[in-house]
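Protein chains in written order, with my numbering: chain A, 1 to 251; chain B, 1 to 251; chain C, 1 to 251; chain D, 1 to 251.
Honestly, I wouldn't trust all of these hints.
To be verified - The calculated PhoX-like cross-link candidates involving lysine-lysine, where the alpha carbons are at most 25 Å apart (straight line), are:
# : chain 1 : residue 1 : chain 2 : residue 2
1 : A       : K10       : C       : K109
2 : C       : K223      : A       : K10
3 : B       : K109      : D       : K7
4 : D       : K80       : D       : K10
5 : C       : K173      : A       : K7
6 : B       : K80       : B       : K109
7 : A       : K7        : C       : K109
8 : D       : K10       : B       : K109
Claimed, not checked - Which stretches of chain C does chain D cover? Using the computed rule of at least three CB atoms under 8 Å from a CB of chain D, they are:
#  : segment
9  : 46-53
10 : 221-235
Keep in mind the hints are simulated off the structure, nothing from the lab.
Beta carbons: idealized from backbone N, C-alpha and C, even for Gly.
Number of protein chains: 4
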Amino acid sequence: MYAVVRKVSKGIPRADFLIGAVPGAGQVGKLAVDHLIVELRADLVAEIYTPAFPPQIYIQSDGVAYMPRFQIYHARAGSKSALLFTGPAQLENGEASYEIIDSVLEMAKDAGVAEVYSLAAYILGKEPTERLVHGTATRPELLERLRLAGVRTMDGGEINGMNGLIFAMASLKDMDGICLLGETAGYYVDALSSKEVLKSLAKLSGIEVDYSRLDSLAAEAEKAIKAMMEEISKKEEASRDTRPGRMDYIS
Amino acid sequence: MYAVVRKVSKGIPRADFLIGAVPGAGQVGKLAVDHLIVELRADLVAEIYTPAFPPQIYIQSDGVAYMPRFQIYHARAGSKSALLFTGPAQLENGEASYEIIDSVLEMAKDAGVAEVYSLAAYILGKEPTERLVHGTATRPELLERLRLAGVRTMDGGEINGMNGLIFAMASLKDMDGICLLGETAGYYVDALSSKEVLKSLAKLSGIEVDYSRLDSLAAEAEKAIKAMMEEISKKEEASRDTRPGRMDYIS
Amino acid sequence: MYAVVRKVSKGIPRADFLIGAVPGAGQVGKLAVDHLIVELRADLVAEIYTPAFPPQIYIQSDGVAYMPRFQIYHARAGSKSALLFTGPAQLENGEASYEIIDSVLEMAKDAGVAEVYSLAAYILGKEPTERLVHGTATRPELLERLRLAGVRTMDGGEINGMNGLIFAMASLKDMDGICLLGETAGYYVDALSSKEVLKSLAKLSGIEVDYSRLDSLAAEAEKAIKAMMEEISKKEEASRDTRPGRMDYIS
Amino acid sequence: MYAVVRKVSKGIPRADFLIGAVPGAGQVGKLAVDHLIVELRADLVAEIYTPAFPPQIYIQSDGVAYMPRFQIYHARAGSKSALLFTGPAQLENGEASYEIIDSVLEMAKDAGVAEVYSLAAYILGKEPTERLVHGTATRPELLERLRLAGVRTMDGGEINGMNGLIFAMASLKDMDGICLLGETAGYYVDALSSKEVLKSLAKLSGIEVDYSRLDSLAAEAEKAIKAMMEEISKKEEASRDTRPGRMDYIS
Numbered sequence: 001m002y003a004v005v006r007k008v009s010k011g012i013p014r015a016d017f018l019i020g021a022v023p024g025a026g027q028v029g030k031l032a033v034d035h036l037i038v039e040l041r042a043d044l045v046a047e048i049y050t051p052a053f054p055p056q057i058y059i060q061s062d063g064v065a066y067m068p069r070f071q072i073y074h075a076r077a078g079s080k081s082a083l084l085f086t087g088p089a090q091l092e093n094g095e096a097s098y099e100i101i102d103s104v105l106e107m108a109k110d111a112g113v114a115e116v117y118s119l120a121a122y123i124l125g126k127e128p129t130e131r132l133v134h135g136t137a138t139r140p141e142l143l144e145r146l147r148l149a150g151v152r153t154m155d156g157g158e159i160n161g162m163n164g165l166i167f168a169m170a171s172l173k174d175m176d177g178i179c180l181l182g183e184t185a186g187y188y189v190d191a192l193s194s195k196e197v198l199k200s201l202a203k204l205s206g207i208e209v210d211y212s213r214l215d216s217l218a219a220e221a222e223k224a225i226k227a228m229m230e231e232i233s234k235k236e237e238a239s240r241d242t243r244p245g246r247m248d249y250i251s
Numbered sequence: 001m002y003a004v005v006r007k008v009s010k011g012i013p014r015a016d017f018l019i020g021a022v023p024g025a026g027q028v029g030k031l032a033v034d035h036l037i038v039e040l041r042a043d044l045v046a047e048i049y050t051p052a053f054p055p056q057i058y059i060q061s062d063g064v065a066y067m068p069r070f071q072i073y074h075a076r077a078g079s080k081s082a083l084l085f086t087g088p089a090q091l092e093n094g095e096a097s098y099e100i101i102d103s104v105l106e107m108a109k110d111a112g113v114a115e116v117y118s119l120a121a122y123i124l125g126k127e128p129t130e131r132l133v134h135g136t137a138t139r140p141e142l143l144e145r146l147r148l149a150g151v152r153t154m155d156g157g158e159i160n161g162m163n164g165l166i167f168a169m170a171s172l173k174d175m176d177g178i179c180l181l182g183e184t185a186g187y188y189v190d191a192l193s194s195k196e197v198l199k200s201l202a203k204l205s206g207i208e209v210d211y212s213r214l215d216s217l218a219a220e221a222e223k224a225i226k227a228m229m230e231e232i233s234k235k236e237e238a239s240r241d242t243r244p245g246r247m248d249y250i251s
Numbered sequence: 001m002y003a004v005v006r007k008v009s010k011g012i013p014r015a016d017f018l019i020g021a022v023p024g025a026g027q028v029g030k031l032a033v034d035h036l037i038v039e040l041r042a043d044l045v046a047e048i049y050t051p052a053f054p055p056q057i058y059i060q061s062d063g064v065a066y067m068p069r070f071q072i073y074h075a076r077a078g079s080k081s082a083l084l085f086t087g088p089a090q091l092e093n094g095e096a097s098y099e100i101i102d103s104v105l106e107m108a109k110d111a112g113v114a115e116v117y118s119l120a121a122y123i124l125g126k127e128p129t130e131r132l133v134h135g136t137a138t139r140p141e142l143l144e145r146l147r148l149a150g151v152r153t154m155d156g157g158e159i160n161g162m163n164g165l166i167f168a169m170a171s172l173k174d175m176d177g178i179c180l181l182g183e184t185a186g187y188y189v190d191a192l193s194s195k196e197v198l199k200s201l202a203k204l205s206g207i208e209v210d211y212s213r214l215d216s217l218a219a220e221a222e223k224a225i226k227a228m229m230e231e232i233s234k235k236e237e238a239s240r241d242t243r244p245g246r247m248d249y250i251s
Numbered sequence: 001m002y003a004v005v006r007k008v009s010k011g012i013p014r015a016d017f018l019i020g021a022v023p024g025a026g027q028v029g030k031l032a033v034d035h036l037i038v039e040l041r042a043d044l045v046a047e048i049y050t051p052a053f054p055p056q057i058y059i060q061s062d063g064v065a066y067m068p069r070f071q072i073y074h075a076r077a078g079s080k081s082a083l084l085f086t087g088p089a090q091l092e093n094g095e096a097s098y099e100i101i102d103s104v105l106e107m108a109k110d111a112g113v114a115e116v117y118s119l120a121a122y123i124l125g126k127e128p129t130e131r132l133v134h135g136t137a138t139r140p141e142l143l144e145r146l147r148l149a150g151v152r153t154m155d156g157g158e159i160n161g162m163n164g165l166i167f168a169m170a171s172l173k174d175m176d177g178i179c180l181l182g183e184t185a186g187y188y189v190d191a192l193s194s195k196e197v198l199k200s201l202a203k204l205s206g207i208e209v210d211y212s213r214l215d216s217l218a219a220e221a222e223k224a225i226k227a228m229m230e231e232i233s234k235k236e237e238a239s240r241d242t243r244p245g246r247m248d249y250i251s
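Let the sequences and hints guide you as you build the complete structure.
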């Protein structure tokens, strides 16, 4: 038993969608789901503890200890509602990954969810120019909807870890599964990619939120990266200046 | 729980045999079962998902995502019927291997199967001349039937992985188990070996199919191998021609 | 199933607290719980065997063989009562660690326990001057009680292994969890640190015992360490005396 | 579930003792149990299959395939009766080891067994002179019986693997557990050590058999070892004779 579900609210409220992500490249999916949780003032409805996390306890800045756990929130957005699934890390244990996602999907099914989204990263390995959103799904009919929403469908490849399982295992419970992958360099936290993914999600699900917090996050990240780059180039210049004109010794 | 069985049809139809193989050397068994599935226009009746596969999702060329899984088909061949078991890969997890096969055999038992065949490779490590079929079984009486069908019985050795478990574990459920192993070099996909195995299976079970598709597959493979060999020998010749007549240095 | 519980007494008597520790740095927690077991003349009420220990049997000096196991004792101290949990070693298997602690907490819950303490070490990596006691808990309200008892609350960090799980998992069963960590160098058994932890525990729980046995233990340890240090410095002096006055060669 | 028990006979007959061993150093215990099975014409009553064995099938010299498994036999010896447990190998998986032994002991308990013996090796690392039998047990009272039977009780050490679990876990089911360990060099199969262990077992349990087959086995082994030693010393002599009197080069 890898999934120990603890319901926080009395019963899980009805929901149209399950939207989930755990940390991955560029934190694209995780940041997007966290943004929805904050912007939609979502309520924590359940926690999932698992012995697949290392036996380790963390102490918060206020002194209280906590155990790592996955969380399921419930949110309303206009006439729509969604369960939001997130967690602190991927699990190394593959079997546990399957079981955690199975229990989340079971909960979603019980709540009336018919469509499951997982949000993830499409790693470019270089600075993206447009931050396109790619997508895949569990049925051909869903791909047409993705294309109409401006999402690029794929013709190969694989998705690793829990972000792949979330939407793909949905089909085993007769729910539709869609995965949206935002283009990102992969080597820095990319709030702009999260924003593009959320914009595609909005077109598909009707769940719309304000993105200004993601914009500020991206601006901050850009500033931090710029400062870091300047620091690096200053150091390189300095090291050029102090380099001896002549090599008197070999170190 | 390593075996998550998902019945695709309503109930598993009655069957005389279970015939199974997962990928192994030369793809001998896998190719043979796949051939039966196509030629007998077999119906998918069940899928077996397992957390023993790495948590990874694959995207097909049409854009649809799928999870790796084992499959069970049902086919009729004249007055005979069979369940056909296959899958995308061996499992690294031994315990899961046992459990998957146990669930397949349970399903076969429920469908009335009394005889279980697994199809596999007999690795020669060199080009085979005759492509004999070797065999082993769970009862001495079955060996006599194998010999009458032209199958060479063995006097030692071991069979690794799920292809061994399929027929050997049959005896734990009071079914007969037979393994047919086709001679093959082991380092290329060998459709001719699959054909020989299927011919032995036909003599034993009465399930006969047309083999021309396997012949074409073998012809294509032969052409591809020949082309590759010529390419290699051309390159070797070319490299001989450009070699300096005199060695001026030692690299 | 990693936890095989064997009740030694008929039923587990009622208790106010669960106090637990398994071996860790400086043996601070383990020594403290062992001290309580002896001083309070606690009764063994249950043992927990687990296949997560290596399959190994130990032979005592009296010739009797035993299996490694966790133990739960029951003790009365004035108007208070407690279950005391201890064991021979941390488990390498994280999943088993969770399961063992879960079964201990279940037993505690059934016995009416409302407050769970785990005793552990706060590693300084150098000789401590004051041997302060640090603490964390599962609710902010508990931290105030800790501060009033002179325990330093923390603002970060992590607690590894079963000593972290004991108190943190208590909250999953609606019990309060408190962890007391005694400052210690970390590289020798530290009975004085255990004493300080027990003094803090006494202020919080009202369970008071005589500490003279821990004082003698500390005095013995100090004597042993001193003797070892003198031995080392003697050897160093001796090696200085026999060192050649002049270096005739470089080795 | 690591233990898949398959009863071969209808019900397990009543028994006074369980006597077990799996392969270990010098095959001392395994050989002893196998000897009892043959000499007492024991009946196979149950088999235990386990996914903890690697997924591998073996082919016998008669062509029949079989799966590795543990076996439980039943034997009568005068007024006494015993279950005899043996298997082809130790399991690498500790958890599975516990579970297999648990299921064997459960079966023994159901059959009325009150005393469990495991037979093992006491490794000397050099040629033994007397081949003493050492012993340990789960209760101090049993040690007195061991001493009266000429068995040397121990004052420390550990017993690894399933041979330790067999007798030690007996106490968890309220049966007595005794382990008899025969002195052996450890680097060759030692039928004489098995004989000594069986002689001690006879004194303790009243189960007596003829040992001449073990004597012949030991004589054969001795002859084989002697022949091997002579071969080695001949080769050494020969290599001395052909060694050049003068070294003309350094290789």
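- Violations among the numbered hints, reported as their numbers in ascending order: Numbers 2 and 10 - these are the hints that the structure violates, sorted from lowest upward.
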